[in-house]
Every structure is written in structure tokens, then in C-alpha cells.
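Please model the entire structure based on the sequences and the hints provided.
In the working numbering, the protein residues as written are 1 to 130.
It is possible that part of the hints are untrue.
As the list claims (entries may be wrong) - Just the calculated beta-carbon pair ranges, DEER-fashion:
#1 Asn-62 to Asn-103: 17 to 27 Å
#2 Val-16 to Leu-45: 16 to 26 Å
#3 Lys-105 to Gln-74: 36 to 46 Å
Stated by the list, open to error - BS3-like, lysine-lysine: derived pairs with alpha carbons at most 30 Å apart:
#4 Lys-116 to Lys-7
#5 Lys-105 to Lys-63
#6 Lys-11 to Lys-105
#7 Lys-116 to Lys-126
#8 Lys-11 to Lys-126
#9 Lys-116 to Lys-85
#10 Lys-12 to Lys-85
#11 Lys-85 to Lys-126
#12 Lys-126 to Lys-7
#13 Lys-63 to Lys-7
#14 Lys-105 to Lys-116
#15 Lys-7 to Lys-85
#16 Lys-63 to Lys-116
The set of hints was computed from the structure by calculation and includes no laboratory data.
We treat Cβ as the ideally placed atom computed from N, Cα and C, and that holds for glycine.
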Amino acid sequence: MSSEKSKYYCKKYIEVLREDWNHVLLNSDDSWLFHDLDLNHIYALRDNATNQSFLIYDASTNKPIAIVPIFIYQYKWKQFYRLNKIYAKSYYHSGPAIIRQLNEKNRREIIQYLSKEIEFICENNKVDVC
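Below you can see the structure in the form of C-alpha cells.
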């Protein structure tokens with residue numbers, strides 16, 4: 001993740017953060033079925049994708065405030081057509097989920113912050129389509 005100083009920080013998702021992930025899911029109006037990590041894992045296996053999902057935390061409280069499911073993969077069938085493209089995506093447009101307790105100004109800041117993190121992930125993974 002980037003080293004930019006901010007009111008927020010992020011952690012790459014690992015299994016021990018599942019409770020934090022689920023906390024955001026339960027407290028967000030943005031979450032739905034395809035934010036579920038087990039379901040995403042099934043789709044990731046199908047695509048041979050790597051999980052690059054991350055959580056965003058409020059630096060002043062160390063509480064999770066947003067989740068961003070993102071997976072990196074390459075379609076093997078496209079190699080035949082010489083269209084080797086690496087993709088970054090959230091399955092079925094799950095996109096970020098932000099807790100509902102934040103005001104609009106903070107939500108906009110978080111969206112800007114997570115956008116920079118997604119760009120950082122895409123650059124580091126040489127993603128063609130994000």
C-alpha cells in the first residue's frame with residue numbers, strides 16, 4: 001500500500017481481518033451479496049485470481065471504515081489471440097463499501113483515498129484493465 005500520510009490507512013486483507021471486514025459489511029448501506037469473501041473466493045478460484053482486497057481504517061480510532069474487494073487475474077483463453085491483458089476487478093460490481101456513520105465530506109475523502117490505493121495496486125501488478 002502507499003506510504004502517503006493521511007487520516008486513513010489501509011491493510012491488505014488477510015483472514016485474521018475477517019471480523020473487521022464483516023463489521024464494515026454490517027454497518028454499510030453499500031454492501032451486498034458480492035462483498036462476501038467466501039463467494040468472492042469461489043470466483044477468484046475460477047479465474048485463478050489473486051486477492052488484492054483491502055480495508056481502510058480511521059487513523060484516529062483504528063476502526064475499519066471501508067472495504068475494497070479487488071482481484072487481479074489474466075484470462076488464459078485470450079493468450080491464443082495475443083491479447084494478454086491483466087485485469088483488476090471486483091466481482092459483479094461489488095466495489096467499495098463504506099460505513100454509513102460517516103458524513104458526506106469524509107465519504108468523499110475516503111473515496112479519493114481508496115482510488116489512489118487502487119491505482120497503486122494496479123501499477124504494481126502491471127494491470128491493463130482496471
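Results for each hint:
no., hint, result
1, Asn-62 to Asn-103: 17 to 27 Å, "holds (20 Å)"
2, Val-16 to Leu-45: 16 to 26 Å, "holds (21 Å)"
3, Lys-105 to Gln-74: 36 to 46 Å, "holds (38 Å)"
4, Lys-116 to Lys-7, "holds (14 Å)"
5, Lys-105 to Lys-63, "holds (18 Å)"
6, Lys-11 to Lys-105, "holds (22 Å)"
7, Lys-116 to Lys-126, "holds (15 Å)"
8, Lys-11 to Lys-126, "holds (20 Å)"
9, Lys-116 to Lys-85, "holds (21 Å)"
10, Lys-12 to Lys-85, "holds (23 Å)"
11, Lys-85 to Lys-126, "holds (9 Å)"
12, Lys-126 to Lys-7, "holds (28 Å)"
13, Lys-63 to Lys-7, "holds (12 Å)"
14, Lys-105 to Lys-116, "holds (17 Å)"
15, Lys-7 to Lys-85, "violated (35 Å)"
16, Lys-63 to Lys-116, "holds (20 Å)"
The structure shown violates just one earlier hint, number 15.
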